[in-house]
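> As a plain string of letters, each chain reads:
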Amino acid sequence: MPANLRIAPKVRRLADAYDSSFRVQGLASIARYTLLIVVLWSLLPLFPAQYQTRLANLVLVQAIAALGVNIILGYAGLISIAHAATMAIGAYASALLMMRLEWPFAAAFVGACVLGALVSAVVGILGTRIQTNYFLLVTLALAGSVRLIIVNESGLTGGPTGLFGVPPAELFGWVAESDSAFYMLVVPIAALALYLAQRLRVSRTGRAMIALRLNEPAALMSGIDVKRYRIAAMALGGAYLGASGSLFAHLVRFLGPESFSLSLALLLTLMVVVGGIGSNAGTVLSVAVLVVVTAQIQDVGNAWVFYYGVLIMAMLVVAPRGLASIVPLVRPRLAALVGRRR
Amino acid sequence: MEPAAFFQSLLSGASAGGIYALVAIGFGVMYRTTRVFNFAQGDFGALGAYVAFTLAVTWHLPFWAVVPLACIVVGVLAVVVERIALRPLYRHGEAYTFIATIGLAFAIQSAIQQIWGPRPRVLPSVFGDTAVQVFGLRVVPQLAAMLVISLALAGALYLFFTRTKIGTAMRAAAHNRRVAGLLGIPVDRIFSLAFFLGGAVGALAGILIAPIGLLTPSMGASLGVPGFIAALLGGLGSMPGAVIGGLLIGIVQSFAVFVVDPRYRDLVVYAAFILVMLVRPSGFFSEEFRARRI
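Line by line, the protein sequences are chains L and W.
The opening position of the first sequence corresponds to residue 1 in our numbering, with each subsequent residue numbered one higher.
The opening position of the second sequence corresponds to residue 343 in our numbering, with each subsequent residue numbered one higher.
Since the hints were derived computationally from the structure, they do not count as laboratory data.
Worth double-checking, as some hints may not be accurate.
[Said to hold, decoys possible] A short, non-exhaustive set of chain L residues, derived as facing chain W with CB atoms under 8 Å:
1) Y51
2) L55
3) V122
4) I125
5) V138
6) L156
7) G159
8) V175
9) A176
10) S178
11) S259
12) S263
13) A303
14) M313
15) V317
[Stated by the list, open to error] Below, a list of computed lysine to any residue pairs in the SDA-like style, where the Cα atoms sit at most 20 Å apart:
16) L:K227 <-> L:R54
17) L:K227 <-> W:A437
18) L:K227 <-> W:T558
19) L:K227 <-> W:S467
All C-beta atoms in this analysis are idealised placements derived from N, C-alpha and C, irrespective of residue type, glycine included.
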């Protein structure tokens, strides 16, 4: 059978997905996300101590990064391990813009997003010249270079000892110095990030990215400019990672080379794999579970890296489509089980 | 630059390059047969070095027993991992096995830290690490042995792949699994063999380079990254390509110190890699590359 006939049904399926994903009611959706913000805000008094508030902040900050990774890995299928490096660029840029150039937080935050997007897009441009497997090496080169610069340019970045005294986030004179104030700030940003990621998923751009991950030849046949969408995915994901890095800097208020190690890049990849490659809700859910679980087993020390590594492999074998795929798998079996009991 | 310094740098670069070539070869054996892009190849080397450390220093086994034993241990581990974690993923495509090996790399690194502790260890050199004068050059026997052993092994593996029946069967399985199976080639066993060879060669690279520096849990990355770059420069899965890529990376690394701040030595390697990739996106020898089908 000629190759193009084999691909034809896949193109049909892609086209069907394309049509069925148009059903988003803009206004209703905005109302839903406003409700989400209000609900999350009203949870704040329920946190018993500052520790839980800090944990919630970390979940939200990491969720933004994981959503960015989901755009790169989950939508466009690009395997990168420069996520932590892009976050580091956003974090150091935001902190240094505020400390050295005395920019306001909002401007520094936007600057971090833009810089993250730019660096990530350049990696994407280099990467599209090259086969997928080689792309990883380009991202590895970025990760290595960023680390070298952080460690060696002590005058700028504080070097191996780290950068102390990062100013807190502020907005029009209101300073988010405490964890609860930061929570009020980060909730709307995270909700906006989720909203935009969901909108992207059903937009022409997002569908093109998903199509080229699922079947590159079929996507090419449908007239999708593969290179352009790969670079777009890198740029958008980079903006998310830069934003997350900036928020992380002003939450923890200390930056060191170890804050953005390769294990963070692994952790972000794991979050997307566990959540279900391409699923935003699954990603956010797995971030919450993994951050809280990691905080509980802190005393195991560095052993958690081992469990994360094994968990990635186990997750891929057991449920290659992640948490998002387990629900439809388990539901009929549960229903059958319940039915039999009756 | 003085000629003596030039040749000295060339020699030490080539010795390190030989090790990178070994990493690239082990990696290429796996990739050309199974299409698994094994991100954990460097960590196989680290694991091999640590196993050799236990055998040699704790159990006091002689060197001729240590090296094959450590290689077999790592090779068997690679086979087991392939059976359990990678085989179910083949039908999903290369990206899935690739992410799985990223998980494997971190698992091995962390396991080493749990078992042997974060403290650096020393694996004694068998060939000797005091320099000998040869033609006015200071030659460290360990470095020379590294270069000779890796070149000899690369040649032997090249002959194995091109001249023996099993080697040919491995290349056939790499080309088309289904047709190879129809021709009576036991594809499953061929895949296991590829992982055993890849793991064992990777472990040998780790054991050979260990006496030069220290054993640390994260040494896999410093072994793996130049190894991958060497494999990609040479063209994935090509034996002569891996050797040339490895030597090139080693020599660039050793001469970079003359050009830039030594702390930024690795940046030169990355830049060289990206430059070559921009000019020749599939490496120097891309014999095993399949064309993209539409």
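> Against each hint, give a clear statement of whether it holds in the structure.
Cross-check of the supplied hints:
no.	hint	verdict
1	Y51	violated (26 Å)
2	L55	violated (23 Å)
3	V122	violated (11 Å)
4	I125	violated (10 Å)
5	V138	holds (6 Å)
6	L156	violated (14 Å)
7	G159	violated (11 Å)
8	V175	violated (38 Å)
9	A176	violated (34 Å)
10	S178	violated (35 Å)
11	S259	violated (17 Å)
12	S263	holds (7 Å)
13	A303	holds (6 Å)
14	M313	holds (4 Å)
15	V317	holds (5 Å)
16	L:K227 <-> L:R54	violated (40 Å)
17	L:K227 <-> W:A437	holds (18 Å)
18	L:K227 <-> W:T558	violated (40 Å)
19	L:K227 <-> W:S467	violated (49 Å)
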